[in-house]
Structures are given as C-alpha cells and as structure tokens.
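Could you put the whole structure together from the sequences, leaning on the hints where they help?
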Amino acid sequence: MLYREVGQYKTTYEADHAIFPLLQDRIGIAVILAIAFLFVPFTASDFVVNSMLIPILIFALAAIGLNLLTGYAGLISLGTGGFMGVGAYGCYKLATAFPQVNILVPILLSGFFSAAVGVVFGLPSLRIKGFYLAVATLASQFFLSWCFVRVPWLVNYNVSGAIEVPTRTFFGIPITGPNATATTRYLVVLAVVVAMTWLASNLVHGRIGRMWMAVRDMDIAAELIGIRLYRTKLLAFAVSSFYAGVAGAMLVFLWLGASEADSFDINASFLVLFMVIIGGLGSLLGSYLGSVLILGLPIVLRTLPGSLGVPLNSATVEHLQFMIVGALIILFLIVEPNGLARLWQIGKQKLRVWPFPY
Amino acid sequence: MRAKQLVLCAMAAATLGMGILAVPAAAEEGIYVPLLTYRTGPFAGSGIPIANGMHDYLTMLNERDGGIGGAKLIIEECETGYDTKKGVECYEQIKSKHPVVVNPYSTGITLQLIPKAAVDKIPILSMAYGLSASADGNTFPWIFNPPATYWDGLSMIFKYIGDKEGGLDKLKGKTIGYIFFDGGYGREPIPLLEQFAKDYGFTAKQYPVPAAEMQNQSGLWLNVRRDRPAWMIMWGWGAMNPTAIKEAAKINYPLDHFIGVWWSGSDDDARPAGHDGKGYLALNLNGLGASYPAIQEIMKYVVDKGKSQVDSKDRVGENFYDRGVYNSVLVAEAIRNAQHITGKKEVTGEDVRRGFEALKISEARWKELGLPDFAAPIDKVSCSDHNGHHSAYMQQWDGTKWVKVSDWIAPMKDKVRPLLEEAAKDYVAKNQPWPARTEPCDKSS
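Those protein sequence lines, which keep their order, are chains L and V. Be aware that the first sequence starts at 1, since it is given in our numbering, and climbs by one per residue. Be aware that the second sequence starts at 1, since it is given in our numbering, and climbs by one per residue.
Calculated from the structure, these hints are not laboratory results. Just so it is clear, CB atoms sit at the ideal spot from N, CA and C, and this is done for glycine as well. It is possible that part of the hints are untrue.
[Stated by the list, open to error] Calculated pairs, SDA-like style, for lysine to any residue (alpha carbon to alpha carbon, straight line, at most 25 Å): (1) K205(V) x Y157(L); (2) K172(V) x A197(V); (3) K278(V) x T400(V); (4) K205(V) x F142(L); (5) K93(L) x K430(V); (6) K425(V) x R352(L); (7) K307(V) x G309(L); (8) K246(V) x R226(V); (9) K198(V) x N158(L); (10) K95(V) x I173(L); (11) K313(V) x L312(L); (12) K348(L) x A34(L); (13) K121(V) x A44(L); (14) K95(V) x A34(L); (15) K95(V) x A36(L); (16) K307(V) x T316(L); (17) K95(V) x T181(L); (18) K305(V) x G309(L).
[Unchecked claim] Covered stretches of chain L, going by a simulated chain V footprint (3 or more residues, C-beta under 8 Å): (19) 148-159; (20) 260-271.
Spelled out as structure tokens, the structure:
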C-alpha cells in the first residue's frame, strides 16, 4: 500500500537506471542518512557510538571491499585482515612521517598501499580459481601478519611492537587520539564510509561492475565477449584491497587508538568473510547487514542480561553469547542461504503487494 | 515461507531492541571497582585464578568490613577474553559508571588505555605488567605498575643466574635463550636483554612464540636443543607456559636452568608437566598458599558462603589466586589512602590517583592486613616513580607444588631506571602532542 511503484513513470534512461528507482527507497535512504548524520550524534551514548556504531561502520567498509572481490568478481580471498593491516601500518608510517598533513589524507592514501599489495597477491588469481585461490590469499595473510610482527620499521622501532595514534586535528577539532570524542570520530567514519559506499555502488552498477560480474558468472564467456581477464581480476583485487586498507587505517586511527599486529590476523579475515557470506554475496546492503549481525549482535547479547537486571556472571554471558550467535548464524543460513540482503529483498517484495498478495 | 517470516519478524524486533538497549543501569551508591577479567579463551588458564583472587578479596572486604572506610565496593567483572578489542569495549562500557580504577590485566589492553586515562581521569593499575616506561610518573601521571616492571624482573633473573654461576662475568661466551610470547608483553624485555648481552658478553638467542602457535612449540624446542643455551628465560602467558615446560622436559633440558617471569609461574602452568616439570623456576611477587589470615577470612566470608566462582576450595591460595589478591590489596589500599587524603567517603578516580601515589605498605601494614610477609614492602612508590622497583623471589616446582627457593631479590635499579626514562621520553616523542603533567604532587608522596 505504502510501498508501491504505481504512478512513478520514468521518462529517461538515467531515471530508469537509477540505483534507487523508487521514490520510497529514495526517501528511505535520505531518512537513514539524516538519522545517521543528524540524530545519532546527539542522542546515542558514548558506549553505543564507540563500541557499536564505529566498528560496525568500519567493518562494513571492509566487508564492502571483500564483497566487491568475492561477491561481484567471484574471487575468494582470505587475505582481508592482512590488507587492512597494510592500510593501518601504511597510514601510521605516513602520519608519523608527515605530521603536519591533515590526518584524512594518510587515511585515504593508505588505501593505495593496500591496493598495490593486493594486486601483487592477486596475481595468482590469473591462474587459479575457487578454493585454490583462497589458499593463495591465505598465504598473503600469513606473510603480512609475519611482516607486521617482524619488521620493526613498520612500527617506528617501538619496543612494544604496537602502533599508537597521536592526536591530530581537523579545523582545530581533534579527530584522532585520546582527545577526540566518540561523536567526532563517528562522524568522520560515517562520512568516509558513506562516500566510499556511494563510490562502490557506482562502480558495481557501471561498466566495471558488469565486467566483474561477467567474470564471476563465467570467465571463458567473459573473455570471449572481449573482457580482458587479467585486468579485470587485478582491478578487483586493487579496489577491494583499497577498501580494506582504508577500513584498516580507520580501525586503528578512528576506533582503537593503538593496535598490535594481532588485530589483523587470520581471525579478522574470517570475520569479514563471514560478514560477506551472512550479509549476502554481491550486495552492498548485505555488507552492512552482515557487519551489524556479526559485530553488533554479540555486544547487544552481552549487555542484555545486565540491562535487564539478570544476575549472570560475565564469563557465562560470554559463553551464552557464543552459543546464541553461532546458532543464529546457522539459522539465518538455513532460512536464507543467500544472506540477509536476500531476506530484505523478499521482505520488500512482500511489502510491494501488501495487503493484497493475490 | 513461515520460517522466513519468523526470521524477518525476529530481525525487526532485534533492530528495535538495539536502539533501546545499552542504557547504563542506574548507579548504586558506593565505590565502583570494575575488573577486566578473562575466564574464556586461550588465556583463561591464567586468567581464571587471577579473576577469582581479585574478586574474592574485594568481596571479602564488603562482607567483613562493609567495604572500605564505610563505603561499599561495587564490584563488576567485564569479560575481555584477553582480546584487545573486547577490552576497549569493556572500558567504554564501564567508563560512564565512574570507575575509580581500571585493571586491564593484559599488556595489549593497557597500551590502548594509557593515552585515554589522562583524558577520562581514570587511573590504571597494571600490576607488574603493561608498559615498563609507564613507571615514570612525571610522564604518565595516571598509570601505575607496582610492584616491579618487566625490566626489573629480567634483572632479578640475571641476578639469580649470576648467583648460581658465581658471578655474571662467568656468562661470557655462553648462550642464553629467551622464549617469549610474540606480542607487546614478550617483546618488552628485549632491549634490556640485549644490553645485558653486551655488558656480560653472552649471546642472547630469541625464540618467539606467536599467539597462534602457543600450543605447538615442538619445532622451536628442537632449535633449543641444537643451540644448547646455558639458561632459558621465559616470558609466557596462558596456554604457552604449560606447553613450554612440557616441551623442555621432553628434550631433557635441565629445568633448574629454565626460569619464567612472574606470569609464567602459576600452578596450572607447571601441573600438566607434573613430575617431569620438577625443578622449573619462576619469579614470584606474592606469597603462596592459603594459610594467611586474610585468605582464611576469604574462605570464611566468601568461599564458604558460595559467593566465589572458584571450582574447589583447594584452588584458593594457588599462586595466581594470591596474585589476584595482591592486585586487590593494592586497589584497596589506594582507595583507603584516597579517603584518608581527601576525607571523603565516596572517592573518585582523581582521588584514587593521589591514593596510588601515596601507596605505602610496610611490613607492619602487610601484617595488619592479615598477610604477613605476603610480599616485599611497598615503600618506594612516589609521585615520580609509579612502580617503586620492589623485590621478588624465586620459586621452584617440586613436582606437586611451588616452593620458595630464594630470598627477596632486588632489581638492578641502576640499569633499569635510565633505560626506563629513555623509553618514556621516546614514547612521548612518538605520541606528540603528549599532555604535560598538570596534576600536582601531594606532600606526603
């Protein structure tokens, strides 16, 4: 009834190809953005912003990166954690080498380091596919983790082997370091993530995205219609790593504030891969949903007994949370193997014909 | 289709729920002492006894004395799983409830919290772990790491080795192996180790153990067998410790030449090796056993009443349980000092910071606390020295339990302190702009 396209005529190809062809969708996205930019910063508590919203956004960005590679180009990667690390360490090196440069510049530039490394480790994808490629990217993950621990130059010869984020300001307001408030950091993260999501959405809806999808669906056919495989695949690796790199840089600079090499170990790679799989392969929305489910749900479950006043000790809550999240992941995958994004689509379809589904 | 609808509804409900949640519960009256603990994950073996010790001593104060100075302690645990990200999440969660002190119980989490402490005005007690350089109170007014730093620990181990060898100059030409947890914690002592190697002319061989390989050290110990180090020194944690002791026993390494730091000496570390682990040495900061009057009171007021989480009574008084008690004694004494200095009952983080700077636990005070000779007297913590560099002793595993085998060993402060001040300067240089200390020193400290 409310969600219906009747009467919305499109007179140009541009309008027909728009990402959100329905007026209701456009209103919806505008409302969400307005809430995220204008409402949340003033109402949410520091804990919600710092422990939930910021990491969810950052990991959603990493998941978008992996989704471009795995969901759109069909190349499985287990190296996301390593690429995030390259971004983080690259950003740290840049930020400490050029302290007078605005911190946003190294955060975005660090993506290029990551892209370069991603292209190098993407080379095997020209010869191998599927699980074998996963193993090759796994090697990159191990190699990069080893570098983060073993190359003291990366941490400026810090004895503790950790990278620490200095305070940097943006128009006089501290946005990194301990003096930056959660809200400022949230707004910076949100702006970067929204901008990069918009970019990704244009990429996948345009020529490049179509090339990726053609390669994903059948690479021989794609080659026959004139798509150059090696360029397409390496571009997918580069763009995906760029996203992961920026996410990694933000993870350290705008969320954690200091980090050791183990923030970018194989578990980070798996985490992002699970987000993509549960959220929905080949869907940008799915990257967000996956991130919310994998990062947000455990925190909610952990705070649930406390805020309801149920006296459970913290270790029990932790065990329960592991069990519940695990069970939910299985449930979601049984109900909808194509991920949460597909569930959302089904919901939308139902809403379209509601209340007369006949 | 039914199932899908159900899931959709559940999702909608969960999304709504998220918005409502995370509203902090109404604050109770009292002094809020959060404990960051880990009873899950690969480090639970080390984490559980410590968590129990910390929790039980503070609960005992509540039960026996009604808190400290008439103010009840609100004790809350937050599970970190020794995971840095979860630790920071815990910190954010407790921050709004105005904790008077935070015990991160992980070097990784401590490193993250150090810059935040001054901003949030919450003192951090990283008892004999964390950043060694944070002992410099002029640079780190909010961080406390008594009774000794890792560097003190390493110098004590070398003093012990020197004793056994008949002088540290006898180490010339020998090899000393250093097996360590490959993270901030294990890497801390390396600069001092390298300096000792230069000073005394031995070769230092490093054997890093990455977190993922903690229980898979057989390859590493083959290298040890090849290198034949005269002494082995270990900076291990969690599942790494028992594995290392078992592997050392397997290659017939003389265990009385294998020395762990105070975090590598829990009962659970040596017990799996059992009789084969006989002879293994570890530093220790606190007394052993449950015979201390204060620990007996914990038995009476907490354990017997079922208010403790220990599995069985005989685990009370294990080394790491007592370490947890030690940690809580430091917290309690700092709160008591803060009450004394300010005259307030309900003290804040700022007051407790001053309380820590005035921390003094003399031999008589230890006795008064019901813990005679439990630890070396804390008498050197001050405004500029947040550590004090106190003594520790060597303990040895006799196949079933730990036995004290040395007297109190004082650290080589002359070697440690310059290194430490340099490290603090280095930290500041790398973290510009670092806030200068604005908190005045109290006269008493």
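Hints and how they fare:
{"no.": "1", "hint": "K205(V) x Y157(L)", "verdict": "holds (19 Å)"}
{"no.": "2", "hint": "K172(V) x A197(V)", "verdict": "holds (9 Å)"}
{"no.": "3", "hint": "K278(V) x T400(V)", "verdict": "holds (8 Å)"}
{"no.": "4", "hint": "K205(V) x F142(L)", "verdict": "holds (24 Å)"}
{"no.": "5", "hint": "K93(L) x K430(V)", "verdict": "holds (12 Å)"}
{"no.": "6", "hint": "K425(V) x R352(L)", "verdict": "violated (65 Å)"}
{"no.": "7", "hint": "K307(V) x G309(L)", "verdict": "holds (18 Å)"}
{"no.": "8", "hint": "K246(V) x R226(V)", "verdict": "holds (18 Å)"}
{"no.": "9", "hint": "K198(V) x N158(L)", "verdict": "holds (21 Å)"}
{"no.": "10", "hint": "K95(V) x I173(L)", "verdict": "holds (22 Å)"}
{"no.": "11", "hint": "K313(V) x L312(L)", "verdict": "holds (22 Å)"}
{"no.": "12", "hint": "K348(L) x A34(L)", "verdict": "holds (22 Å)"}
{"no.": "13", "hint": "K121(V) x A44(L)", "verdict": "holds (22 Å)"}
{"no.": "14", "hint": "K95(V) x A34(L)", "verdict": "violated (29 Å)"}
{"no.": "15", "hint": "K95(V) x A36(L)", "verdict": "holds (24 Å)"}
{"no.": "16", "hint": "K307(V) x T316(L)", "verdict": "holds (15 Å)"}
{"no.": "17", "hint": "K95(V) x T181(L)", "verdict": "holds (13 Å)"}
{"no.": "18", "hint": "K305(V) x G309(L)", "verdict": "holds (22 Å)"}
{"no.": "19", "hint": "148-159", "verdict": "holds (count 4)"}
{"no.": "20", "hint": "260-271", "verdict": "holds (count 6)"}
Figure legend: structure checked against the earlier numbered hints; hints not met, in rising order: 6 and 14.
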